[in-house]
Each structure stands twice: as structure tokens, then as C-alpha cells.
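Colleague: The lines below spell out each chain.
Protein chains: 2
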Amino acid sequence: MGNTHIAESGSVQSVDRAIAILEILAQRGESGVTQIAADLAVHKSTASRLMSSLLAHGLVEQVSDRGRYRLGLGLVRLAGAVTSSLDVVSGSRAVTRALAIQVGETVNIAVLDNNRVLYVDQVMGPSMVSMRSWLGQSVPTHCTATGKVLTAWLDKPSRIAARPDSWGKLAPNTITSGEALEKELAQVRELGYAVAYQEMEADFVAVAAPIRDVHDEVAAALVISGPASRLKPKDFDSLGQIVKASAAKLSGNPNYWRE
Amino acid sequence: MGNTHIAESGSVQSVDRAIAILEILAQRGESGVTQIAADLAVHKSTASRLMSSLLAHGLVEQVSDRGRYRLGLGLVRLAGAVTSSLDVVSGSRAVTRALAIQVGETVNIAVLDNNRVLYVDQVMGPSMVSMRSWLGQSVPTHCTATGKVLTAWLDKPSRIAARPDSWGKLAPNTITSGEALEKELAQVRELGYAVAYQEMEADFVAVAAPIRDVHDEVAAALVISGPASRLKPKDFDSLGQIVKASAAKLSGNPNYWRE
DNA sequence: ATGCGTGTTGCCCATGGCGCAACATTATGC
DNA sequence: GCATAATGTTGCGCCATGGGCAACACGCAT
Numbered sequence: 003m004g005n006t007h008i009a010e011s012g013s014v015q016s017v018d019r020a021i022a023i024l025e026i027l028a029q030r031g032e033s034g035v036t037q038i039a040a041d042l043a044v045h046k047s048t049a050s051r052l053m054s055s056l057l058a059h060g061l062v063e064q065v066s067d068r069g070r071y072r073l074g075l076g077l078v079r080l081a082g083a084v085t086s087s088l089d090v091v092s093g094s095r096a097v098t099r100a101l102a103i104q105v106g107e108t109v110n111i112a113v114l115d116n117n118r119v120l121y122v123d124q125v126m127g128p129s130m131v132s133m134r135s136w137l138g139q140s141v142p143t144h145c146t147a148t149g150k151v152l153t154a155w156l157d158k159p160s161r162i163a164a165r166p167d168s169w170g171k172l173a174p175n176t177i178t179s180g181e182a183l184e185k186e187l188a189q190v191r192e193l194g195y196a197v198a199y200q201e202m203e204a205d206f207v208a209v210a211a212p213i214r215d216v217h218d219e220v221a222a223a224l225v226i227s228g229p230a231s232r233l234k235p236k237d238f239d240s241l242g243q244i245v246k247a248s249a250a251k252l253s254g255n256p257n258y259w260r261e
Numbered sequence: 003m004g005n006t007h008i009a010e011s012g013s014v015q016s017v018d019r020a021i022a023i024l025e026i027l028a029q030r031g032e033s034g035v036t037q038i039a040a041d042l043a044v045h046k047s048t049a050s051r052l053m054s055s056l057l058a059h060g061l062v063e064q065v066s067d068r069g070r071y072r073l074g075l076g077l078v079r080l081a082g083a084v085t086s087s088l089d090v091v092s093g094s095r096a097v098t099r100a101l102a103i104q105v106g107e108t109v110n111i112a113v114l115d116n117n118r119v120l121y122v123d124q125v126m127g128p129s130m131v132s133m134r135s136w137l138g139q140s141v142p143t144h145c146t147a148t149g150k151v152l153t154a155w156l157d158k159p160s161r162i163a164a165r166p167d168s169w170g171k172l173a174p175n176t177i178t179s180g181e182a183l184e185k186e187l188a189q190v191r192e193l194g195y196a197v198a199y200q201e202m203e204a205d206f207v208a209v210a211a212p213i214r215d216v217h218d219e220v221a222a223a224l225v226i227s228g229p230a231s232r233l234k235p236k237d238f239d240s241l242g243q244i245v246k247a248s249a250a251k252l253s254g255n256p257n258y259w260r261e
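Protein sequence lines, in the order shown, are assigned to chains E and A. Residue numbers for the first sequence follow this note's numbering, beginning at 3 and rising by one. Residue numbers for the second sequence follow this note's numbering, beginning at 3 and rising by one.
Think of the hints as simulated: they come from the structure by calculation, not from any bench. Please note that the accuracy of each hint is not assured.
When chains are identical, the list treats them as one kind, so a pair holds in a single copy or across two.
[Claimed, not checked] Derived lysine to any residue pairs resembling SDA-like cross-links, with alpha carbons at most 20 Å apart:
| # | residue 1 | residue 2 |
| --- | --- | --- |
| 1 | K46 | S13 |
| 2 | K251 | S16 |
| 3 | K251 | A182 |
| 4 | K46 | G254 |
| 5 | K46 | Q15 |
Model the full assembly from the supplied sequences, consistent with the hints where possible.
Modeller: In C-alpha cells, the structure reads:
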């Protein structure tokens, strides 16, 4: 995220600055007025007034009087409206709940967002091991089943843009080169689903399939996840077919899964 | 939420307007530029430019070209940073996961927000029936265990301000008068926990206890919930004691659960 | 083909956003 | 305990930006 915003048609500079503050706080956790002013290259009185507006609406809050600021719960309220409207329009939760019951694991929906995976809805399965809140989390594309599904059908320049900055080994089976990833994505296109078997985290397994828009393009990914002790390689193809079937029910929705 | 913003020291009018747009879209689902302009009492070119800034940052998106707007997934990303930081600072998820395992039901944390209950974190239990995403949802105070906990220890004018606008019967046991609610809240203060037994929804039961700040004031509520077929009246007191014990572990955290 | 409504954008000007300076408060070092 | 430094806030005045107007492009209904 660039700190200086190049003026473009129709944008409002002070609104852009206020949103940049939210993005800085999302990355840093907490910041003071002086630090925010430095990041935005504005005077600290400017930063103080922008923070004041965000504070008044609950989008930021002060950690202590005359101290540092952090993101506020007003954002949780607004995000709740987003996830509710995802369901209102697509009816996705009926499908995701049925899938969670059928396979007994956590189910999520994710989209591609700034070349990373963003989890936008979640239904948890009965497992204790998978008690984890993915909603709102952002993860890399190369080591997640959702990321593979969201990128496999992109053109090559776009697939390359979505690759990680570094190929560190995050888990026993992390893909660590562009070549290996291209072969993996070719297989995803052939099978119609993706698997991540202990690639982002040890013991963590996910199976994902594409949710397509009316133009048959991949708009989102439907994914089930759980521990390796329960999701074994011999089951991957049957699970893949099940997830594909559920994702197909969510595909073809006009005016929804658009980026 | 008033549409006209009375200028106050340190606030930035165009930022206030942009946030007001987000709040309108949260309430309405979708809106057009002309409608937003009318709500804000500004020219539609002003509304169009404000929307353009929000669009550029992903806080809104267009449902279709030259059409209506809705809240964007950028808010889900920002909210994810909020719920992650709740855990980072308070370590609440270790406690909420342990509680979910212990009682086998869904666990949530909620705060009082604009005289309503706002769910800010969630761990789901093993039950299929309780598969429901509360995160970001806002519900009334009088018919929820969390709402009773969040309001019981307020002074009387604040308790009255938190009452619903109407006393409609939402479920078999909905409280339908201020007098009955006052008696209920007195009992909550005495027991140290609250129960909602089929009050907001049929078959839905919740047991909540207060999370207190360093000043011993109620900052948030910890709640377990599930269906009436599993959570029976004879169990309420033991469940209440268990939730109180878990809430106590989350209490006394400086600089966190502040409103 | 025409009329209507919506959303966008160039232009210009009035105003609101901003930087400066001063101040209050808190934290830090000695 | 005191002096200094750093942070955040706020009054003031200026000017750069936000915003209204008008014109335009587009989609839809008739």
C-alpha cells in the first residue's frame, strides 16, 4: 500500500487518507498519531483530525487516553453486514451448512484479494481440532487449496503475479518453486478441485473447488479443512467430488462473486 | 445515525460523510448514488466521488456497471485484523476454546454497541445445530443472555436507554415489559450470570457471564449457546458457574475491553 | 426515435482541510 | 524532584481541495 496517493479522477484525498490509516492499523495493530502522520506524510494535526473522525464512528479506538490507536469494533459491525449480505444474495449458507454436515469438517468461502486468499464466510464442522476463525484472514495462494483454485484458471501473467515473494518451506509439503506450482495448478485444472496436504501448516489439510460466475470464471473458492489424522489421501478424490458438487450449486449467480 | 453531521472540533466532514455511506449500505444492503446523495443531503456528484474513493480501497463495490453499490470485502479484511488483535492482546481464544470443549457448545464474546449486542468473536462447539455465524451480528439486549449481562450492572437511565423500541413477542419466553426486564436484571446481578431460554428465538438457549475491566465494570460478555434439547433448565446453574469462571479468566485485562 | 433517470466528469469557486504555532500532558533521564 | 523531550490537541488563517453546476453518456421504457 503506497503512502502517497496519486490523485485520480473522482477520488477524495482526505477519505483516501482516512482509509489508509485503517490499512496501516490493520497491519501494525496499534499506532500513535505521530507515527501515522509520518506514514501518510502529513502534519500530525492532520492525522489527529482524521483519527478523530474515525474515532467518532467507531472505526478506530484509543488504547488509552492520549495514547495509541487501534482498529475499532465498528469495523466488525460493518463486516457483519457484508457476510450477512453474502448469504442474503447467494443463499450460500444453506449449501455450506449441508456440506459441513456431510463431510463433518469446517467449510469456508474465500476470494482472491490483492493476490492473496481472503476468507469471507465460514461454517465450522463438528471437529474440535478445527476450531479456528478464518473469517477476514488473508493467506498466501501457493500453499492453500483455496489459493490454488483461485489462481489455476488465471492467465499466466496473473498466476505469476499471485506467486509468493519468497518460497520458504512453511510445512512438510510446501511447494517451493514456480515450476512445481505450475504443474500443481495444471493438475487442479484437470481434476476440477485442489488439495493442500500439510503445505501451509503441519497436520492441516484442505480440499477446495471453484465457485464460478455467470461467465464461467472462478469468482470464489469453496473449501473444507481439517487435520491430517482425519482427512487422508485415499479420501481426497471423493471429497473433491463432493466439494465440486456443492460449489456448482453456488455457481452461476449473477451480480455476486465479482471482484 | 443522523444524516447531517454537526461539525465538531477535530472532525473531517468528508470522512464523516464517507463513513455515513458505509453505515447506510450496512443498513440497506445496496444503494445507488442518487439515493446516497439524498440521504446525505449532498449533490450526486459529491456522493459519486465519495463512493469512488471507497471503491478504490475495496470498502464498497458495484453490483453492476453504472448501478448500485454495496459494502465491499475490504471491510471483511479490516474486521479480520480486529478479531485477530482481540486475541493477540487478550489471549481470549485459549479460554473460549477451552470453554467450548468443556461444555460442547458454541462460545461467543459480545459487547454493548449502540445499545445493542455486537458479537465480536466466536468459537463454535461440536454441535451441528448451532452452526451459525454470529460474528458481526447485532441483536437486541432484552432477549439475549449477553444483552442482559451487558446491561444489568448499568445505572437505571442507561438500562432504560438500552431497552427495545417495541416489546414484541419474538419467541415463547420473550420478556415484554420494562418491569419484567428489571426483575430479570436484578436476578442477573444476584446470580452473576444470565440465561436466555427461548427468548429471542424458539429452541435457542444461551448462558452468559460478564467479562470485567480493571475498574470491575462490565466490558464484554462471554456466552455459550445451543438448542433447548441440549441445554436444559436443570443445567443452567452449573453452566452459569462454568461460564463465570471462564469469564473471570478474561477479566481485569488493562487497555482492552473498553468501549 | 424519444424522453427520463442515473451516474460521471470538466470546470470554477467557496469552503473545509490543513499546516503552523502554541499549549497541555505525559514520559524519560539525570 | 526537576528539567527536558515527545506526544497529541486545538485556535487561527490560508489555500488547495471538495463540491455544486452543467453537460454529457448510457441504459431503460415507451
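Colleague: Against each hint, give a clear statement of whether it holds in the structure.
Modeller: Cross-check of the supplied hints:
Taking the closest pair of Cα atoms, K46 and S13 come within 20 Å of each other only across two copies (14 Å); inside a single copy the shortest separation is 22 Å, beyond that limit. Taking identical chains as interchangeable, the C-alpha atoms of K251 and S16 are never at most 20 Å apart, the minima being 42 Å within one chain and 42 Å between chains. For a Cα distance limit of 20 Å, the shortest separation of K251 from A182 qualifies neither inside one copy, at 31 Å, nor across copies, at 47 Å. In the homo-oligomer, the alpha carbons of K46 and G254 never lie at most 20 Å apart, since the shortest distance is 49 Å inside one protomer and 33 Å across protomers.
For a Cα distance limit of 20 Å, the shortest separation of K46 from Q15 qualifies both inside one copy, at 16 Å, and across copies, at 18 Å.
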